[in-house]
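So the sequence lines, in the order shown, correspond to chains A and B. Reading the first sequence from the start, the letters are residues 23 to 254 in this note's numbering. Reading the second sequence from the start, the letters are residues 11 to 492 in this note's numbering.
Don't take every hint at face value.
Said to hold, decoys possible - Chain A stretches covered by chain B per the calculated footprint, using a threshold of three residues with CB under 8 Å from any CB of chain B:
id, stretch
1, 93-104
2, 130-142
Unchecked claim - Every beta carbon over 10 Å from chain A, so not counted as near; a handful from chain B, in silico:
id, residue
3, Leu33
4, Glu79
5, Gly148
6, Arg177
7, Arg210
8, Thr250
9, Leu359
10, Gly390
Bear in mind the hints are in silico, worked out from the structure with no lab data behind them. The model shown is predicted, which means the values in this text are computed figures rather than measured ones. We put the CB at the ideal spot given by N, CA and C, even for glycine.
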Amino acid sequence: MAEPWLQARSLRRVYRRGPSEVRAVDGVDLDVARGEFLAIVGASGSGKSTLLNLLAGLDSPTGGSIRVAGQELTALDRRARASYRARRVGMVFQTFNLLVHHTALENVELALAFNGAPRRDRRARARAILARLGLVDRLDHWPGGLSGGEQQRVAIARALVKEPEVLFADEPTGNLDEDNSLQIAALLGEFNARGLTVLMVTHDLALARGSARRLVRMHYGRLAEAPAWEAP
Amino acid sequence: MSLRDVLGIAVGNLRRVRLRSFLTVSGVVIAIGAFVAMLSFGAGNRRLVTQQFQELGLLFTMQVTPRAESDSTRVPLDDDAVRALGELPGVELAFPLDDLPVTVRLLGRESETTAQALPRAAFTTRLYSRLAAGEAPGEDGAGDAMVTEALLDELDIGDPDSVVGARLLLEMRVASADSGFAEAFAVDPDTLRDRLARVRLDSLSDQGYRRRLVFREINEATSRFMRGFMAGRTLHDTLTVRGVLEGGHQGQRLRVGPVIVPVATALRFHGAGLPPEPMALMRAAGGGDLFATEQAREGEFPQVTLQLDPRADHAAVADTVRALGLRAFSFAEQYDEIRRAFLFFDLGLAAVGLVALITAALGIVNTLVMSITERRREIGIFISLGADTRDIRLLFLVESAVIGLVGSIFGIALGWLVTRIASGVAKAIMTRQGLPPMEVFALPLWLILMAVGIGLGVSLVAGSYPAARAAKVDPVEALRGE
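Whenever a hint applies, use it, and build me the whole structure from the sequences.
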C-alpha cells in the first residue's frame, strides 16, 4: 500500500503550565491521503486546533513524527518549515485573521509575497481568486467593511491563491451564521473536488458530516481509534 | 519575501501611525541635526587652518633659529649657515629673516612699523608671491620695497595700485656708545657753572664729602650717557614700492613684515649701530665691545626660512638641521599636531551629539516595542503565511532603519540650516569687531555620509532589541487573538 500523503505518528504536544503538564496532543497517529477531505471533530480543548497547527508547521511537536509526501516535517529547519507554510500549506482561521489595515486585494497579495511569486503576477492572481470567490466588487474594501462571510472568503482566497497542496481550516465557520457556514462548507468541498486536500477542525458535527468525506473524533488529545464517520 | 516587500510593509506600518512615527523621527532629526552642526563647526575650523597652511605654502616651510646663547654647542646662524642649509637635500631655498623697527612714510602718511629683509629669491615662494598689486622685485631690485595690505590699511590707503611705483621713505633710529660718551662728556658752560656752584669748597677736606661728590658726578655722567645713547641718530633710505602683498593682517600669523626691504638695506641699517634700547647696550657690554654693532659683532640672523621640496621627508630635513646645531621648527609637524588637536575636539563634539542620538534611540525602542504589542496578531498572520523569524526580525529592523534614514536626511538638513544661521551670526560679529568674515562651518561629503551612517547604525542597534522580541512572538498564541 502506498504511503499516505500526510502521516503523523505518536504525535505529542505537551505544554508546561508551571509545575503541571497539559497534554494537548497525546500520541496521535493519523494518515491523510492526497485529495482527501478530513474533518476532525471534538469538544473545545480536545486538542484539535493544536493538532492542526502541528500539521501546518506553525507549532513544533514535543515528540513523534509528521511526514508530508515522504519528507519528515519535524526534521526541517526553521527556514524550510517557513517555506513549507509559504508554498505547500494554506490556512483558514475561525477569526479570519485578515490584516485590518490592508484591503481585501492586498491581504490576498500578501500570501504571494511570502510565497515568492513574481511581483508582476501577484495582483492578477489575487484578483482572479477573489473574483472566483464572488468578491470582485470587494477588492478595495477593508476587512472592517466586509461581512463575516465575505471576510472568511477573503481568508480562503488568501489561503488558496498560492495553490497549496493542503488547506488547514480551523473552525472556518465558527464565527458565521448558518447561511454563510453552508456557503463556506460548499466552497471547501468544491476545491476539494478539484484535488485539494482539506483538513478541517470543527466542533460542528453536522457541518463536518455535510462536507467532509472522512471524520475523526478527538478527545483529550487522542484520536478515536476507529474512524468516527466516513462518507459512503 | 524580498527586501522590497519588507520595505513596503515597513513604510506602510509607519505611515499608519503617523503621529508616533513623526515624533520618533523628530527625535532622530534633532539628534542628527545637533551632531552635524557640531561636527560641521569642527570641520569648518579644520578647513580654515588647512586652507591657510596650504595657501601660504607653510606645509613646505621650515624655520631655523639658533640655539640659546647659554648652549655651548650653539652654532651661529650666519651667511655660512644659510648657505649650508640651502644645500641640504630636500631644501629648495634658504633665506634669512630679519626684522627692523622703522618709521615708514608713504604717500604723505606715516607709520611706525617693522621692516623685514628678504632676498629676491624668497619671492618665488608661495608665502611671498601672493600679490594684491604690482610685481615682485626685479633682478636689480636693490632699491625696491614691497608692502602688505595690512600696512596700507594702517596708513588708510584703500587702493593697492595707488602705491605701486611710489617713493617709500624708511627711517630707523640707531644708537651707539659714541653718542652716549659724547653726551656724557659734553661740557655746557651754564651747566658747569651750576655744578661748580653746588660744590662746597670748605668741605673738600672731608673724605666722605669728596666720595659723595664723586658718586654724584658718576651718576649724572651715566644718566647723560644713557640719554645720549638712547637719542642715537636717524638713518634714512628711500625705496620704490614695487608691489603689494596680500594679507599681513594682525592675527593671521603670517611671517610677513608690513614692509619688505632688500637685504642690503637691512645690512646697512644694522651696521650703523645698536637699537636704541638698554638691553642692546647690555648685550654689547656683555660681548666686551661697547662700540660694536649687532651685525658687526655676529653677522648672524635671528631666523632662516627653508622652502622644502614637497616630496622631501620633512622629518629627515628637520633632523639634519638639528644635527647641524640649530633649532628647526616644521610647520608640517605643527600642522599634524593641530590636526590631532582637532581630532580630540571633534570627538568631544561628537560625544555631545551622541548623547542626543542615544535619547533618540530610546525613542525608537519605545515606538517599536509598543508596535509589537499592537501587532502581535499581524506577526502571527505573517508566520502562518510563511514568514520566518528572520523575516519578522528584518521587518522591524527595516522599520527602524527607515526611521533612522529619514531622520538622518532631515537631520542633515536641520544641521545645515543651524550652521547657516550660526555662520551668519558669527560673520556679523567678526565684521563688527573689524575682523575679516570667515566661514567657520563646513559640511563636507564625509560628514553627510557619516551622519547617515551613524543615524542608520544607531537606529539599527536601537531596533535590534524590539526586532528580537518580535521574532520571539508565538504565532499560535498571536493567532488565537483573544
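Verification of the supplied hints:
Check on the stretch 93-104 of chain A: 3 of its residues sit with their Cβ under 8 Å from a Cβ of chain B, so the three-residue criterion for coverage holds. Only residues whose C-beta sits within less than 8 Å of a C-beta in chain B count toward coverage, and the stretch 130-142 of chain A has 7 of them, enough to reach three; the restraint holds. For Leu33/B, the non-interface assignment is confirmed: its Cβ lies about 20 Å from the closest Cβ of chain A, beyond the 10 Å cut-off. Every Cβ of chain A is farther than 10 Å from the Cβ of Glu79/B; the closest lies at roughly 82 Å, confirming the non-interface assignment.
The non-interface label for Gly148/B is consistent with chain A: the shortest C-beta to C-beta separation is roughly 77 Å, beyond 10 Å. Every C-beta of chain A lies more than 10 Å from that of Arg177/B, the closest at about 85 Å, which supports listing it as non-interface. Its beta-carbon lying about 120 Å from the closest one in chain A, Arg210/B satisfies the requirement of being farther than 10 Å from that chain. At roughly 81 Å, the least C-beta separation between Thr250/B and chain A is larger than 10 Å, which holds for a residue marked as non-interface.
With a least beta-carbon separation of about 42 Å from chain A, Leu359/B lies farther than 10 Å from that chain, consistent with its non-interface assignment. For Gly390/B, the shortest C-beta to C-beta distance to chain A comes to about 7 Å, within the 10 Å cut-off, and the non-interface label is violated.
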